[in-house]
Structures are given as structure tokens and as C-alpha cells.
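If you're matching them up, the sequences are chains A and B in order. Each residue of the first sequence is one higher than the last, beginning at 1 in my numbering. Each residue of the second sequence is one higher than the last, beginning at 1 in my numbering.
In case anyone wonders, no lab produced these hints; they're calculated from the structure. Don't be surprised by glycine CBs; every beta carbon is placed ideally from N, CA and C. Keep in mind that a hint or two might mislead.
Stated by the list, open to error - Chain A is nowhere near these chain B residues, computed Cβ spacing over 12 Å in every case:
id, residue
1, D27
2, T32
3, W35
4, L47
5, S49
6, Y50
7, P107
8, P112
9, A185
10, E199
11, L230
12, V332
13, D354
14, E363
15, S451
16, M502
As the list claims (entries may be wrong) - Calculated cross-link-like contacts (lysine-lysine; reagent style DSBU-like; alpha-carbon spacing at most 30 Å):
id, chain 1, residue 1, chain 2, residue 2
17, A, K581, A, K568
18, B, K373, A, K120
19, B, K160, A, K120
20, A, K38, B, K370
21, A, K38, B, K454
What the hints assert, rightly or not - Here chain A is said to cover these stretches of chain B; the calculated rule only asks that three of the stretch's residues, wherever they fall, bring their Cβ under 8 Å from a Cβ of chain A:
id, stretch
22, 274-287
23, 317-330
24, 373-379
25, 384-395
26, 398-404
27, 475-483
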Amino acid sequence: MEELLYQYAWLIPVLPLLGATVVGTGLITFGEWTSRLKRVNAALVLTLMGIALGHSLALLWSQAQGHPPYYWSFTWAVAGPFHLDMGMVIDRLSSLMLVIVTTVALLVMLYSDGYMAHDKGYSRFFAYLSLFGASMLGLVISPNLVQIYVFWELVGMCSYLLIGFWYDRIAAREAAQKAFIVNRVGDFGLLLGILGFYWTTGEIEFERLAERVGDLLTTGALPLWAATGLGILVFLGPVAKSAQAPLHVWLPDAMEGPTPISALIHAATMVAAGVFLLARMMPVYEHLPGTLQVVAWTGAFTAFLGATIALVQTDIKKGLAYSTISQLGYMVMAMGVAAPAAGMFHLMTHAYFKAMLFLGSGSVIHAMEAVVGHDPDKAQDMRNMGGLRKYMPITAATFLIGTLAICGIPPFAGFWSKDEILHVVFAANPGLWLVGWLTAGMTAFYMFRIYLLTFGGEFRGLAFGPGAMQVEELAHMETHGHAAEPHESPWTMTLPLVLLAIPSVAVGWVGLPFANYFEHFLEEPASVLTVGADWAHFDWGEFLVMAGSSVGVGLIGITLAFVVYGGKYTGVEPLAERLPKLYEFLVNKWYWDDLYEQYFALPLRRLARQALETDYRIIDGLVNLTGLVTLVTGEVLKYVNNGRVQTYALVILLAVLGLVLVSGWFS
Amino acid sequence: MTSSFPWLTTIILLPIVAALAIPFLPDKEGRTVRWYALVVGLVDFALISYSFWQGYDLNSPDLQLVERYPWLPQIGLNWSVGVDGLSMPLVLLTGFITTLAILAAWPVTLKPRLFYFLMLAMYGGQIAVFAVQDMLLFFLVWELELIPVYLLLAIWGGYKRQYAANKFIVYTAGGSLFILVAGLAMAFYGDPISFDMRELALKSYPLALQIWCYVAFLIAYAVKLPIFPLHTWLPDAHGEATAPVHMLLAGILLKMGGYALIRMNMGMLPDAHALFAPILAILGVVNIIYAALTSFAQRNLKRKIAYSSISHMGFVLIGIASYTTTGLSGAVLQMISHGLIGASLFFLVGATYDRTHTLILEEMGGVGQKMPKIFAMFTACSLASLALPGMSGFVAELMVFIGFATSDAYSVPFKVLVLLLAAVGVILTPIYLLSMLRQIFYGPENEELVSHEKLIDAEPREVFIIASLLVPVIGIGLYPRLVTSMYDATTTQVTALVRQAMPKLQAPVGILTIPARQPTP
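Based on the provided sequences and hints, a complete structural model is requested.
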């Protein structure tokens, strides 16, 4: 029975793929008819994802019971002596990821039924969601780098399609393209890194690659600098996918997609794929300390960068997006100090509470749209919100839980995982810890800023206090809303929020510092989980100092947020008053986008134009003018003018055909 | 297994003979003739599939289904046909694409008899190019297949069709003279005097002659493939052609260049190939980057896709230059894959043009709202073209990359340079393709366009054509062995041949040599 479970594990990604294919084919062949079957499509997709969830849970349970990892592969491509295998690996890491992805995906799908209910692209949305689910599940069971790359690009494609889901919106169209291309820049590095590793070791499968790299490094056949370089090239993939600096610029823009997508793809699962890849590559990276240094500092810098920009966001989703960037920075930093269990732990807790926060923001936007109309600029602007706790208590309560979790307040999930990261990072390099600690303070501040602006105080709507909006902004404001007050969302939307609140509170308890089931689960495969509370080796003093300092800085942040935003919102950002230069800098997102525009996009466009000019004027001209070609052109052009050349050509054709048939064929 | 029935001759002649009957068809409105052409196309495709199914042994790298009849013994011309792993998939592709192109030509109303006559003549001519095994005959059919294309361009093209058609014929016919010269030189060198390709391949030529012949062939095939800087006929020709002709140009004609490069330059002149391979790799990189840039700057939709074809053909060159089975296999797969993807993209460009009546990207915009199906299909084909995994283009490019990375014929810096620059193409391709999608389909509707054009969504015929093309694209992407197994024996053999003449590098031990791969458990 248990073996059957493993043998049929390939069904987990294939089932959602099937759902996507059925709905997708239906849409393209019988468009109208299929779209009208709204709920039927959704039910199909949900059922298939539900089965995948059940299967994943069974696999996770079996792994926890100490079942050895299961490998399966087939030869995918052959060319002479070369062959490339694809397949799947079900071990503790992949079974954990399977459960994370399927649970979040299922809840997001359920939520989408409510959120997208009035959208004419309802069925298309579920087809894309299902396709994404399939790709993501395929990614986490990949046994080698090439297969990771395959699904890596596929999830990127789904992200592209879903960011551009509302393709009539200008912002969505720009954001979709930006996301794909920035990710391709990362994939460029990943591809070269994979090729380089294959070239030097002949391996793409993680364990054997690690072994081989170790051997080659000890014999000196592979210089350390080359291996470090290849490691960094591979890391470029996660830099783009997990929105690390300097390739983070696509993620905030990606919020143009429907909010369930922001929750599933751009917060919980796809963007965490980079962290997952780092965990998979960890056996290789352990040989490459230089690469790990780069990884750690990239993560730390990104955590800091994301948090600073999040301080000044006015769009609720953009604020959460920068918070995601910052939290992903924590995970990458943990990977950089070779603590994959800590990084994965935060990945798991973050997946749940951040998905919930995003879904909560979606619920808020849904409510706001009823008042201010379907304009993302208005419905997502926190300056227009306020006091929503009164109108939507479930959303507010769950959002508060998520906020407390991300701020690292015990006993919520985020506390345990963030603390674990800060703990391992401190042991490796106090400099990194300091960055992480400061970021924790900022996190608490900006998250409570979001919470208070949205749910605290009184509802402002469009008629809020003076100065909160520019006069010219107010001038072209029209209210399309049909309700005077926001209202709580339907149960299909609030139920996922409530369900996600449970892990947001409790999932951290599997990784208590004194009884760390999680770390044991990941780091000692194929063993039964027998962790008791290990009081003997537990250093209370150290724990209290570390936890105390991070909770302390969190509380300072929260207090500051209450001081600034606790009262009536005046629309004035204190930072803009006190330090206008810094505020400008943060509002302009550290000028990253402008830099890219100036030093990448513009020169590329200019270069392309020049290439085309060259092609028209020089290459074409030169070749046309060369030798024989010129002569023949002259000859032919004589006939062109009187149009007889067609007749000639036809005659020649017929003559030759005649020759074929008549002359000597039967001789 | 080889039955005595002349399969290949039948396959080549059936469409041509059928074409000759077109003038006598009773047809007033031009409706019978298109059904007639379609049925002929289908029957021929069925014959191709059946004969390969029955008579082709996948495990043998040799020529199969061979037929040889003396034709004009006075000048030593033989009707000699046969297929090996290199030509067999391309013959299949030809049958498939041409039949779909006939279906794509459904709305043609101008001179339908002549149009379908030429399409059927093309059908036979193209297959002949891939199947003939006699150098002189090859030259003849190569020339012969140009004339229908010329007429199809000159009569049914856009406004600048005459210029484009002339440029096409001048470039390709001019280039093909070099085939004749080199072919004659090789035939008359040494003993025996023969035009038979197999015998030509067995002869050993002095290096100087090899180099001259290699250059001559390279010029001819560089025009066809095309290779920078001999590519400029292609944007003009593609910019003016109608969709069905487009499908043939991009789907099949370009592949003749790659096919002949492998068959002749690699297979007959391995010593010269050893000298020229690095140049091919460089030209491949130039093709990829240069054409991607020009495509990005191009505002005309047809020309944009035309340049993208040039860019994709760069991978064929790098694969040919790689000296590995993997690379060569990737090159062949890239040809097949681009045949399918290029044809589908050009068909969609035509379908879009039928509705918007403009090819200038700035004059479109927001078209996706009225034409969601075309939008979806265009997106799928563009993603296939930018080598999205799960589709054939990715497998082909990956194999070329792996082949070149594991090649032992080049120094480390050279390999790093080529790989790095080729991978830049991986970034540039989505930039121009997604920009194109964005400009055509995304955003608010272009009011001027909507005001005077009825934007009707795709009809079932169009969906069917794209579906037919996408099924093999996705099939190959999911399980490439479906197709690579068709030609693996032959590419392995060709690689072994060129590797005998490969320059031996004094390699530093370590990262240059490929360490032996442990057997997979």
C-alpha cells in the first residue's frame, strides 16, 4: 500500500495538469460554452488539487514514519552516448514542499471562487491556476537540475500569464513582460551554471553532483574559483525567482495580477522556489564557501532593502510585496550560512501567514471595490481605508494574526522560524545578524502601519482628511461604487482565511528550539522522528537573549507604529516631514527601476535600432552590390518592369516538369 | 523489408502529376480545386507516413528505401532517391507542413488554379530536395523548387512583392550556382567519376579542394539557412509573402540549408569542416544576437518574425559546429522544431493581418479583447518560439547548449565565449517576442483600429491548423525521444565521421576533458 503511494506519486503534478488541459482545451475550442460552466470548471480543478493534497499528506506522513527516499527516473532525451534522465524524488524535503504547495493552492483556489466570481475570465483563471499548480508540484519533485530548470521556466510562464491576466490594463501588461524578462536574466545564469557543472562534472543530479564536485576540488582538477563562479551562476536563478536584489524589481509590479495570484505565486510558493533550489543545492554549496558568502550577503541586503521600501508604501499589496522580498531575504540568508533547515522552516511558516495576509488584503480590496469602484489605484490605497475592523471582523482578526506572526511575536509561527534564522546567522556572522535584527524591527513597524491604516481608526473612503491626497488627484476622482460602506467577504473567501490562520499560529511549534522536530525531519532522512524535549542541551540563557532581543526590537517597531498611526490618520507621513531626502529615496524604491531603464532598457533599444539600420543600409547594400549578384539583379530587373518575368518563370517550370515526365524516364 | 515498390518516387511525383491535372478540373468558383489540393496533400502525407512506417528501420544509419534508375546516361544523370535519418524526418515535416499550408490557403481567391498548382509542385519539389541522392539531381531539384516560390511570392505577395521575389530568386539562384560548381568539381575529381552522393562521400579529396568546395557549399547554404550576412533576402521575402507561402518558406525551405550543410559540408568534406567549424560557431552566435536585436527594433510584424527565424537558425550552426552527437542532434531537432513553430507563428501573423489589415505594431493594440482565441494561440506559439520548456524549441536549444558545452574540440575560452553569447539570446528572445505580444494584444483597444476593422475571432479551421502544429511541438517537448530516435543513428554516424578529422587539442587536464560519467543506477 505504501509502495503504491510512491509509485503513483507522479499523479500529484499530473492531476492538476489534466485539469488545466481539460478546461484550457474547452476554452479554446468551445469558448462560450466552457466559460458558462463556471463552477463546474472550478469544481474539477479543486477536486483534482484536493486529491493531490491528500496524496501529498500521505507521502509526508510516510516520510515522517521513516520511509527511505523514493527515486524514479526514465530516459528523457538521447543522442548517441549522451542521455538525459528525468523523474522524481520523494524525500522529506520534496514531500514537505508538496504539502505546502497543495494546501496553499487548494485554499487559494477556494478563495478565488469568491474573489473572481464576477470576472469574465473566471474559467480561464482556474485553468491557469491549475497549470501553475502542476508546474510547481513538478518542480519540487525534480531529481536533477535540468528538470528543475524545466519547471522553473514553466512556473515563470504561469506567473507571466497570471500577472497579465487582466490584459486590457496597461500596468498589468508592462508588469507581466517585466516579470518574465527579469526572470529570464536569472535563468540565463542558471542555465550557464547547469551547463558549467555538467561540463566539468558530467552530472546534473544533486547528490552525485555534490560528490563529484567534492572529488574534483580535492584532486584540484576543478579550481575552486571556477566552482565558486558556477555556484554563483546557479544562484542567479534564485536571485531572480525569489526576488533578491538586484533582480527583485519584478515582484512589486507583479501585484498587478489578481490578488489570489499574489498570495499563491508571488508570496507562498513560486517565489520560494529559489530558496528550495538553494536547499537542494546545499550539498554542492557546502564545498563552496565563497558562493555561500555571496548568498548570505545577498539575502541580508535584500531583507534590509525590502523592509526599507515597505516602510513608505501606500498600496496595500505593494507593501506586502516588499515585505515578501524582505522575508525571502531572510530565507536566502539562512541558506547562505548553510542552515537549510532554518531557511526551509521560515519558508513554510511564511508560506502560510503571507498567503493569509495577501488573501486578507484581497478581501479588503474586494470590500473597497464595492465602495470606490473597480480601480486598483483607489481600491488598494491604504489612505482610503481605515476602520475596516468594524465592517469585516473575520478579515481583520486573521490579518492581525498574520501581522503578529510576521512580526515575530511568540507564540505565532513567524517567531520560531525567524528566531531560528537569527540564531544560526548569529553563530556564523554577527554582522549578518545585525542586519536581520534591524530588519525585524522595521518589519514590525511597517506591518503594524499596514494593519493600523487598513483596519484601525475610522473608515475614510474617498472623503478623508485634508492633505491625505493631492488636490489634483482628488479632481479626477469619480465614485463608481454602489455601496456606502465596505462589507465582509463571502464565506468562500473568509473560510480560507480562517483555515490559514491555524498554521499561521501553530505551524511554528514543530520547530521549537528545545524540541526541533522540523530540523530533525529534514536533516536526518529515513529515521523515525523521536525528538523529545531536549532540556539538557538547551541553553535557556542564550535563547532568552536571542529571542528577547528580536522580540524587543519587534515591540519597539510596533510601539512606534502605534504612536504614528494609532490615532486619527492625517495623511502626513512623519518620515516625509522629518527626512524628506530619505523619504524620496524610499518612495522611488532606491531608484532601481530608473537605473535599469537608463543602463539596460534604453541602451538595448538603441543598440537594436542601430543593428536594424546597419542591416538595411550596410549589410543589405553591400551584399546586393557584390559581384555576381549585382550583375544578375540587373539582368532580372530588366524583365521585372514589363511583368514578363512571371511568364518566363512559369514556362521554365513547365518545361522542366515536362522534361521530368517525358524525357528518358522510361528509357 | 525493402519492398520493390518505388515509394519515394511515388511520393515525389504524385503531387506534381496531380498538379498537372489542375487545369482540367471542372471548377468555376475555385472551391473544387482547393479540396482537390488538400486531398492530394493528405494522400501524399499518408503515403509518406505509411512507407516510412513499413520500410524504414530506425536502428540503421544507412540510406533506405533506395531507388536508382539511369535517366540521362549520356551525362551520367541518375534518378537516385533514398532517405536516411537526416532526410526522413524532414520529408515527414514537409508533407505535414505543406498539407497544412494548403489548408491555410483556403481563403485564396486570386488565380486559385495557379496557386494550388504551384503549391502541389512545391510539395513534390521540396520532398525531392531531401530525398535525392545524386549531386546533379540535387542541383536540379534545388533550382526547380525555387520557381514556384518565386511565382508564389511575385503574384500573391504584398505591395513590394516584385522586389522581394526578385531578390529571393537572385540570392538563392545565385547561391545555388556554387552547388553546381562544387558538385562538378567533386564529381570529376579522382576515380570514379560519379554524381552519386554516397560515392562522393567516400572519395578523399586534397585539403585545398575540400576548402574550395566547402566555401562554395557554405555560400549556397548560407543564403538558404540563412547565415549572416547573406540573410537580407529573407526579411524582404517574408515581409511580402502570404501566410501559406510563409509557412513553406519558414517551415521547410530554410531547413534545406541546414540539411545540405550537414549532408555535404559535414558528411563529404570532414577535413575542411575541421577548419570551418569554429567559424560556423561564431556565425551562429552572430545570427542569434544580431537577428534578435534587429527583430526587437523591427516594427513590421512579418519582418519581426522573419528576423526571429534567422536568430533561431543560429542554434543549428552552433550544433553543427559542436563535434558532439548531442549538439548535432540538437541542430536537427532545432530545424524540425522551428519548422513547426515558425510555420505556426507565420500562419498566425497572417491570420492577424487578415483582421487588422496592418502589420505595423503601433497601429495595433488591445486586439486581444476581441480575439481571445488568436491571442491565446499567438501566446502559445510565441512561448514555444522563445524556447519554453515543455515545447520542442527548448529541447533543441538545450541539446545544442549541452553538446557545445561538452565538446572537446575547442579551447575553454572559446567555448565559454560562445556559450555565454548564445545564452544572451535566451534573454533577448523573450524581449522581442513578448514586446510583440504586448503591442498587439495587451492594453486598451486601439480605437482607430477598432473603428474601421471588424476583429473576428479565430474560426475552427484556424484553430485546427494551430492545434495540429502545437501537438507535435508539445509532444517533442514532453518526450523528445519521439523524434530524436528517428535520426539518432544517422547523427551518431555523421558525428563519428567528422570526429575522425577533428583537430586534436592539447588539452590541459581537468576542466577541459569531460570526466567519464558514472553509469546511472
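Numbered hints the structure breaks, given as an ascending list: 11, 12, 19, 22
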